[in-house]
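Residue numbering for the sequence shown is 1 to 175, as defined by the working numbering.
Do not take every clue at face value.
To be verified - In silico SDA-like links for lysine to any residue, alpha-carbon gap of 20 Å or less:
#1 K76 with W13
#2 K76 with V32
#3 K76 with S61
#4 K99 with D127
#5 K76 with H49
#6 K99 with G134
#7 K99 with W13
#8 K76 with D35
#9 K99 with K76
#10 K99 with H49
#11 K76 with E130
#12 K76 with E120
#13 K76 with D39
These are calculated hints, taken from the structure and not from any lab test.
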Amino acid sequence: MPAATVIAAMSDWRTIEVYSTFIQITGELEIVRPDRVSDAVNRFGDYLHLRSARAEPLSVSYPILSRSEPVLTVAKAGVVAICPIDDAGDGNTALWREKVAHPASIHTHAFSMVGDVHVEPRHTLQDHLERYPGDFIPVTNVSALWVTAISSGTHALQRPFALLNPAAIVSFSLR
């Protein structure tokens, strides 16, 4: 009698940074092949589950009581941006959809940033936001400054890729 064949989904753990208004969380997000980071983030559900996670304040004047956790659940609603920090490629290129990059200036409740937003051809960023209100937006060549009125400290961020929470956007301008 032949042995039963078990097909298991292959997964990778990608290190990501999660930025909120005052906290940066670094941890590992499970990516089930052939998904990409954006697929895992935009999957249905309001939470992300990270392993080996640590939280750090964006300013030294903000205390954090629990810095390191073996497993951490992150509410997507509280996220401004997610940045993969390892360069492991991003999944199966057959899943990529054609997108057009548009230089943009974006302000969120915590960051002022510039970068290239990627939307479907013949669509604007506003179209994308209205059609896919919960989907995090891919942004490349990101330069961001953390801006708060309560602190004179700042946090600069430059990343080749980020996923921006559309709910965090206060204003934007395509250049």
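Hint-by-hint comparison with the structure:
1. A C-alpha spacing of about 19 Å is found between K76 and W13, which places the hinted pair at or below 20 Å, so the restraint holds.
2. Our distance criterion of 20 Å between C-alpha atoms is met by K76 and V32, whose separation comes to about 19 Å.
3. With a C-alpha separation of about 25 Å, the suggested pairing of K76 with S61 is violated against the 20 Å cut-off.
4. A hinted pair counts as satisfied when its Cα atoms are at most 20 Å apart, and K99 with D127 qualifies at roughly 13 Å.
5. Proposed proximity of K76 and H49 is supported: the alpha carbons are some 10 Å apart, at most 20 Å.
6. For the hint pairing K99 with G134, the CA-to-CA distance comes to about 18 Å; that is within 20 Å, so the pair holds.
7. Distance hint between K99 and W13 is unfulfilled; the C-alpha atoms sit about 26 Å from each other, more than 20 Å.
8. For the hint pairing K76 with D35, the CA-to-CA distance comes to about 18 Å; that is within 20 Å, so the pair holds.
9. The suggested pairing of K99 with K76 is violated, with an alpha-carbon distance near 24 Å, which exceeds 20 Å.
10. Among the hinted pairs, K99 with H49 is inconsistent with the structure: their alpha-carbon atoms are about 28 Å apart, more than 20 Å.
11. Between the alpha carbons of K76 and E130 the distance comes to roughly 18 Å, so the proposed pair stays at or under 20 Å and holds.
12. Distance restraint check for K76 and E120: the Cα-Cα separation of roughly 23 Å exceeds the 20 Å cut-off, and the hinted pair is therefore not satisfied.
13. Restraint check for K76 and D39: satisfied, since their Cα atoms lie roughly 14 Å apart, inside the 20 Å limit.
The structure shown violates the earlier hints numbered 3, 7, 9, 10, 12.
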